[in-house]
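Residue numbers (numbering that gives the first Met the number 0), protein chains in the order written: chain A, 0 to 249; chain B, 0 to 292.
Accuracy of the hints is not assured; some may be wrong.
Claimed, not checked - Examples of chain B residues toward chain A, derived with CB under 8 angstroms:
(1) P69
(2) F171
(3) A174
Hints listed in this document are in silico derivations from the structure and should not be mistaken for laboratory results. Since the structure is predicted, the reported quantities are computational estimates derived from the model, not experimental observations. The beta-carbon is built from N, C-alpha and C at its ideal position, and this holds for glycine as well.
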Amino acid sequence: MSASIRLQNLTVAYDRHAAVHHVSGVFEPGSMTAIVGPNGAGKSTLLKALLGEKAVASGSVDWGGLPLSAVGYLPQVAEIDRSFPLSVGDTVLLGAWRQSGAFGRVSREMRERGRAALASVGLDGFGPRPIGALSSGQFRRVLFARLMLQEAEVIILDEPFAAIDARTTDDLLALLEAWHKQSRTIIAVLHDFEQVRAHFPQTLIIARELIAWGDTPTAMSAENLLRARAMSQNWDDVEEICDDAHRHVA
Amino acid sequence: MSFYALLIAPFVDFGFMRRALVACLALGLGSGPIGILLVLRRMSLVGDAMSHAVLPGAAIGFLVSGLSLPAMGIGGIVAGLAVALLSGLVSRTTALREDASFASFYLTSLALGVLIVSLRGSSVDLLHVLFGSILAIDASALILVGAIASITVVTLAVIYRPLVAECFDPGFLRAVSGRGPLYHLLFLLLVVLNLVAGFQALGTLMAVGLMMLPAAVAQLWVRGMPALIAVSIVTACVAGYAGLVISFHSGLASGPTIILVAGGLYLLSLLFAPSGALRRLLPQRHFARREGR
Numbered sequence: 000m001s002a003s004i005r006l007q008n009l010t011v012a013y014d015r016h017a018a019v020h021h022v023s024g025v026f027e028p029g030s031m032t033a034i035v036g037p038n039g040a041g042k043s044t045l046l047k048a049l050l051g052e053k054a055v056a057s058g059s060v061d062w063g064g065l066p067l068s069a070v071g072y073l074p075q076v077a078e079i080d081r082s083f084p085l086s087v088g089d090t091v092l093l094g095a096w097r098q099s100g101a102f103g104r105v106s107r108e109m110r111e112r113g114r115a116a117l118a119s120v121g122l123d124g125f126g127p128r129p130i131g132a133l134s135s136g137q138f139r140r141v142l143f144a145r146l147m148l149q150e151a152e153v154i155i156l157d158e159p160f161a162a163i164d165a166r167t168t169d170d171l172l173a174l175l176e177a178w179h180k181q182s183r184t185i186i187a188v189l190h191d192f193e194q195v196r197a198h199f200p201q202t203l204i205i206a207r208e209l210i211a212w213g214d215t216p217t218a219m220s221a222e223n224l225l226r227a228r229a230m231s232q233n234w235d236d237v238e239e240i241c242d243d244a245h246r247h248v249a
Numbered sequence: 000m001s002f003y004a005l006l007i008a009p010f011v012d013f014g015f016m017r018r019a020l021v022a023c024l025a026l027g028l029g030s031g032p033i034g035i036l037l038v039l040r041r042m043s044l045v046g047d048a049m050s051h052a053v054l055p056g057a058a059i060g061f062l063v064s065g066l067s068l069p070a071m072g073i074g075g076i077v078a079g080l081a082v083a084l085l086s087g088l089v090s091r092t093t094a095l096r097e098d099a100s101f102a103s104f105y106l107t108s109l110a111l112g113v114l115i116v117s118l119r120g121s122s123v124d125l126l127h128v129l130f131g132s133i134l135a136i137d138a139s140a141l142i143l144v145g146a147i148a149s150i151t152v153v154t155l156a157v158i159y160r161p162l163v164a165e166c167f168d169p170g171f172l173r174a175v176s177g178r179g180p181l182y183h184l185l186f187l188l189l190v191v192l193n194l195v196a197g198f199q200a201l202g203t204l205m206a207v208g209l210m211m212l213p214a215a216v217a218q219l220w221v222r223g224m225p226a227l228i229a230v231s232i233v234t235a236c237v238a239g240y241a242g243l244v245i246s247f248h249s250g251l252a253s254g255p256t257i258i259l260v261a262g263g264l265y266l267l268s269l270l271f272a273p274s275g276a277l278r279r280l281l282p283q284r285h286f287a288r289r290e291g292r
């Protein structure tokens, strides 16, 4: 069972400069939330804080007892070495980490699931190919196949559709919706507002601090989007040290 | 000169050549895969830096017990690990990137090492330390080199999957297991161990040679981890054997000859390998698309 992910007054800072300011709210179990905001708004930072990769300056993230291994994470593709001499099949099988562990055997059943996952992202029979030979769209499909194998209850994606053509995006969005129907919790950083309006019931708008968080039609109001943009234009100014921890709490 | 006298007799007739050969093969077995992983982790220069960092420890071992390879080996392991850990710490806590902190540490430790050796030893001793003495390897040093090769191969076999996962997609490993730094640390330990083994044979300046050159050769010929590791090991062993034979017959210093053979293999690969220079320069016809069939 999924649990809700509760953020309480979460602040994350790089070298004392806050990248995410006093964010509070809840990702409900089975919700499908888009995180949007201008560049540098702290979207990826928020995800890293969720995953415990980035230390929290103040506030907390409460996973409601869900272990980190129940979380599937798709990093930005730039963080992955695509020239690495690994085959497509082995890459997908990394998704079975929860069963195989760091040292365990990879069973025939896991291999079978890996093949099936590859087939369902439209890469049937690509297993033996090196990942270096794939196009960026195909590589993104491989990463989704790996996510599929993880059978995660919470799926976190950082810009899953950046630099991907329309057809691949549609295919992968369909996968996300299928996962949503299985009542998994999905959190994705996105830039395409149309996509968010069409596919994501919930939206979180962030511009270092929380602008809006709720049902997409209300959250994605013109006023909120303008506010997010306006805030991004003031970021060059030197920031004061934030001494009032509760100033931004709604 | 017969085939036998040329290629086999040196090892049958002389114990020191046999020991040198076994040391080279063991070295190749351990250093081959380590080199591949260093290249894939974009840590080639870190390996180089660490090989110099081994020196002050080895020098202190030399100060305490003279030109004894085990004593210098243990000193080298301690010093190499200390530098690896310290520079990891520095890069995590300051603005310096890891390669920059490694460079600072190794220059300091190289200077310190040379100073310590020259305190007591002659310039001949210094040459031994800097360029190795593979023909002077005795039984205890051979055991050390062999043990290090065994430890390396077994440890790599055990931590292979997380290590490769950590190289390829560190964010993923952090998300699923969170023990990435542990494997990184274990890997650094293996690098230091292999550098100490290489240090016995090739000296502190060239210990990294049997790691990086075979890895570079392998990358030019094959793709895929298992093939890369296999080619790297074979290249290192061939370089070791050929280097010993050539140095025996021509009276050249053996350590540099071994590295030069590896360098020669690298040059040949650069020219003739599938991803080498010649293939790139010559125009190749691509396959035509078959239409309507």
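Results for each hint:
1. P69: violated (32 angstroms)
2. F171: holds (7 angstroms)
3. A174: holds (4 angstroms)
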